[in-house]
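Put the two chains together into one complex, using the hints given.
Residue-level listing of the chains:
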Amino acid sequence: MDIIFIFATVLFFALAILYVRGCELLGKGRPHEHS
Amino acid sequence: MSANGWFQIGVFLLVIFLITKPLGVFLARVFSGEKTFLDTVLRPIEKLIYRLTGIDESHEMRWTEYAIAMLLFSGVSMGVLYLIERMQKFLPLNPQRFANLEPGLAFGTAASFTTNTNWQAYSGESTMSYLTQMAGLAYHNFASAAVGIAVAVAVIRGIARKETDKLGNFWVDTTRCLLWVLLPICLIGSLVFVSQGVIQNLKPYTTVELIEPQTVQVTGADGKTTAQTVTQQVIAQGPVASQEVIKEFGTNGGGFFGANSAHPFENPTPFSNFFQLVLIFAIPSALTYTLGRMTGSQRHGWAVWAAMAVLFFVGVTTAYWAEARGNPQLVGVNQAPISSQSGGNMEGKEVRFGIANSALFATVTTDASCGAINGQHDSFTPLGGMVPLINIMLGEVVFGGVGAGLYGIVVFVILAVFIAGLMVGRTPEYLGKKIESYDVKMAMLAILILTFTILGFSALAIIKPFGTSSISNPGPHGLSQVLYAYVSSAGNNGSAFGGLNANTMWYNTSTAIAQLLGRFFMIIPVLAIAGSLAKKRIVPESVGTFPVTGGLFSGLLVATIVIVGALTFFPALSLGPILEHLLMAAGKSF
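Residue numbers (numbering that gives the first Met the number 0), protein chains in the order written: chain A, 0 to 34; chain B, 0 to 589.
Chain B extracted, bound-state conformation (with noise of 0.2 Å):
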């Protein structure tokens, strides 16, 4: 580890902590529909939207409504990216003439991309016309987005409001979310990005010759291997640049390219990748300002908004130093950090961002439900590569997904002070409002969902051959590539471990399924809890209440989402990444 890049991760953190304020604000008068400096442009706008739509602003949803409203958009919206997948071909912007996605691929990226997962068992680059790039997946990285943000203002209203069973209009949530948070951050953004070299194009791929032709093996249809000398090279083109805002300010994660954020064109300087980072925490961190200016008690947002930065900055430090410390094996080779290489363990990273930038942007990227790469976190030592798997595990609440960060922690409020409640003898309250049984068992559906999905399509990949066939890696490492790929998907997060062949059939759809489970029935539970908050009157203080305002609180929260992720995963990570750690410091690698 270094002061450098010690110093990075320090700025990342102050940058976040700064911009926390001003953005909250921000997110809160526009949900609170008080006046903001883009009304002048947007209202009418927006008033447009609803004439031609026939939403009715002033129509406030119960919980059930807003519910049923938000998967009727969302089931919509993944059958037409489905159709434009499945039609690509015969649709315009398609210079490169790619063919229709097969159903498997097509359904499972739909999926995908409709619950801000944004899994990719595809490259894009050679599978994806810019059509579907466009009108499908970014298309989806601002809606679901968008849907993620209305979830969440839906649950500080049930926090904040009292006696009434009305969360919001989930069309004008939604509708007011892309017009003043999405769009003109992206609008700017994308810019920034084109400034430091993204590309930003509708041109048919570009075919250049190389200054010095390889020979390369080819093994042909008959099995026999032939050489062959390549004197060109394919460069793919496209939209890049307004794609890559959205992919992380929305925290979607999905990559124009193949290769992500390892990419040049999505990634060509060390500015724009710390800008990335800073767009992925930023929704996620503002909102706990949001949520404690809605709810009266702005000291409340601050201390949930310090149990993330405790479990953020022991993520990072962990991955850190785990990467830092290079690969015990490679005896005699120099891994120290010098004028001339970063150091540590760098297969699988950028040279460009070296250790600190990888660590932090793995972390960064896990903790929000991202998954947008900067390097591959399946070449990341054991205990490296289980910092990711971790941040999902403990269901992204470490500032966490647009919207899905912030409902995610209410979620682990209410058991943390169910427990506290428990500890004392007393009914819990939560902001002045009385935790009973039903919103206990509200929020244990919303957290079992993703257990029960993650290990009981893990168990089913690692005992049967459709499964394990497409495993590249022997002994725990392949059992934490199938890990991985569940808690990506259950947790909504996206990133791959790499190494494990996703584009099949199996693993297709059952990834899918497991996106679609993560989500939605974690949002549905999540929202009964907000209709039930909503109707509840306030109960003044008293001297047993627990105040959710202090060190206290933020300690017992951030004990709390770390229990239940031990309780629950303990036993999954003995045996993939620990395990892999034990082994590998005896001398075996996999």
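Chain A on its own, in the form it takes in the complex (with noise of 0.2 Å):
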């Protein structure tokens, strides 16, 4: 079970960061402002 749980915090924290990438991703080439 150790294994387990300590592989789940793992993958959710790779996770997490694939979603900062994905964030990012998403604000990349949206338009300038207009003013």
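Derived by calculation from the structure, the hints in this document are not laboratory data. Fair warning: there could be bad hints in the mix.
Simulated crosslink set (DSBU-like; lysine-lysine; CA at most 35 Å straight-line) [what the hints assert, rightly or not]:
#: 1; chain 1: B; residue 1: 534; chain 2: B; residue 2: 165
#: 2; chain 1: B; residue 1: 34; chain 2: B; residue 2: 534
#: 3; chain 1: B; residue 1: 463; chain 2: B; residue 2: 587
#: 4; chain 1: A; residue 1: 27; chain 2: B; residue 2: 161
#: 5; chain 1: B; residue 1: 202; chain 2: B; residue 2: 88
#: 6; chain 1: A; residue 1: 27; chain 2: B; residue 2: 20
#: 7; chain 1: B; residue 1: 34; chain 2: B; residue 2: 161
#: 8; chain 1: B; residue 1: 46; chain 2: B; residue 2: 165
#: 9; chain 1: B; residue 1: 463; chain 2: B; residue 2: 223
#: 10; chain 1: A; residue 1: 27; chain 2: B; residue 2: 34
#: 11; chain 1: B; residue 1: 34; chain 2: B; residue 2: 20
#: 12; chain 1: A; residue 1: 27; chain 2: B; residue 2: 223
#: 13; chain 1: B; residue 1: 534; chain 2: B; residue 2: 433
#: 14; chain 1: B; residue 1: 34; chain 2: B; residue 2: 46
#: 15; chain 1: B; residue 1: 440; chain 2: A; residue 2: 27
If the Cβ cut is set under 8 Å, some of the chain A residues that face chain B in the computed set are [unchecked claim]:
#: 16; residue: 1
#: 17; residue: 6
#: 18; residue: 8
#: 19; residue: 10
#: 20; residue: 12
#: 21; residue: 15
#: 22; residue: 16
#: 23; residue: 24
#: 24; residue: 25
Here a beta-carbon is modelled for each residue, glycine too, at the ideal position from N, C-alpha and C.
Structure representation (structure tokens):
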């Protein structure tokens, strides 16, 4: 069980880092703001 | 309700109002790197920490780097806590020789304390060694609070700065928060608690002879019930005062004892109760002033504070009214407040605190993401118990958790100005920054993760035996128990409704996942908003700019928070506490 929970923890934070990248990509290429 | 009760609630709000500016100014100075009266002592310590850890304090981070640093810090420290819990039997400072925690409970607790939730599916005094309490849990009380405040400061910088992609340095913000804000006040606060009678020691538990032996019925392994006479009682000891202060000041909420702030060793006097309430709201309230000061719009900070104060007042009034009117099914029982009793619905409440202070505590602890309790929310009347539930459902932005309350309400501010912009047909602006589709998308991601987590897990738990088997009351009250567990977890509150057996593999793991999602999958889009805002240039105010400083803005902000919360959770509330209230009026209780 320890291995499972440690793996789950690592997996969650790895996914969270991917989520950071996903949110960053969503912002790429968006049109510049208008005045 | 009594004049005395209202007086205490009024004094509490006044004290919070009075400390908002001085503490807010101090926070702004700390995170802007300005001079403070503590620099002489703390600056050399700070420099030493950076030298030992190789941190370049002049390095500024983009939002992505800030977020990844925050995630790595939290992930590693969560793993360390898990290992401490799993090995406590072999580690020192375990005079009661408590066994290692089961893996599911260790995982749930590690996630809980890392996310500032402090949901406890155990009683500390019968589960955790002193080392686990101090090096594991109390460490996270400080660290998770510092992380929340650091994120809030990064968000404020995102609003305040222009045409840059830098939000500050996560390591510096966390270190300065710990050294300048949390540790000094907790040192003083713990001494205040000791002065009130909160214990602080590392002694083994004390066994005392009962003055009056008790006869209890005990069911053995064979199912037979026998009578046993109990002549001794074990009184738990421990380093309570040092953990009590950060429990509230960091809006953590995890009690040293299972009874939390209802335990006389944690909360012995009316003053300690009042002090705990002030500690919970101190930083969240002050951060609104910090927001105003760092963004150069003090009136905006106060407008946000006013919106929070209105929602707080509505909540505490409802809870106090609901509890003070008593239980209508107790026909013929005097439930009026008189000199010898508090009156009202006293089930599950401490006689020492009465109705007003129990209702106030329940409101404050769930407005903020604290989760400490001084009475059982499960025993509140249906409408009284619905107040803590709604407070968390609204996103805990009524002052909120340390840091979490501020970055949470910034999400609603983005939505409010977006809605205002739609209504008048202009591009929405927030303090000179144009709010664009990306900002609104990120705001919605931050809000929807809570909705998805709470309603998804609750739905699963109430249709499957692994979820329903833990419910202790049937009908709508049982639904409230399950709903509250996931609301409290995803909202990183940590208070328990009570009555739900949460120490099962399903609840330990599912609440842990809810806590992790509710914390980090909200922070990430919020930091993305901060990064996006920081890049924008300031556009001058025009006649079409919606002001974010006056009563109209505060009103719109309140309406946005309430409407989003109501649209999301009203169906679940109507099947839980609202239905229970109607059935109670018809003479049926659960």
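Would you mind confirming whether the straight-line C-alpha gap from residue 34 of chain B to residue 46 of chain B stays at or under 35 Å?
Cα-Cα ~15 Å, so holds.
Measure nothing beyond the straight line between the CA atoms of residue 27 of chain A and residue 161 of chain B; if it is 35 Å or shorter, mark the hint as holding.
The given pair, whose Cα atoms are some 18 Å apart, holds under the 35 Å limit.
Interface hint check: residue 16 of chain A, Cβ to nearest Cβ on chain B, cutoff 8 Å. Holds or violated?
The hint holds - residue 16 of chain A has a Cβ within 8 Å of chain B, the shortest such distance being about 6 Å.
With a cut-off of 8 Å on the beta carbons, see whether residue 15 of chain A makes it to chain B.
holds, 5 Å
Does residue 12 of chain A pass the interface hint, meaning its C-beta sits closer than 8 Å to a C-beta of chain B?
holds, 4 Å
So, residue 6 of chain A near chain B? Judge it on the closest CB pair being under 8 Å.
violated, 11 Å
Tell me if the interface restraint on residue 1 of chain A is satisfied: Cβ within less than 8 Å of some Cβ in chain B.
holds, 6 Å
Compare the distance between the alpha carbons of residue 463 of chain B and residue 223 of chain B with 35 Å, and conclude whether the hinted pair is satisfied.
Judged against 35 Å, a Cα distance of about 31 Å means the pair holds.
Tell me if the straight-line CA distance from residue 440 of chain B to residue 27 of chain A falls inside 35 Å.
The hint holds at about 13 Å.
Does the structure keep residue 34 of chain B and residue 161 of chain B at a Cα separation of 35 Å or less?
With Cα atoms ~24 Å apart, residue 34 of chain B and residue 161 of chain B stay inside 35 Å; holds.
Pair hint outcome, residue 27 of chain A versus residue 20 of chain B [Cα-Cα no greater than 35 Å]
Distance of about 39 Å is beyond 35 Å: violated.
Hey, residue 27 of chain A versus residue 223 of chain B, does the alpha-carbon distance stay inside 35 Å?
The hint is violated at about 69 Å.
In this structure, the hints that do not hold are numbers 6, 10, 12, 17, 19, 23, in rising order.
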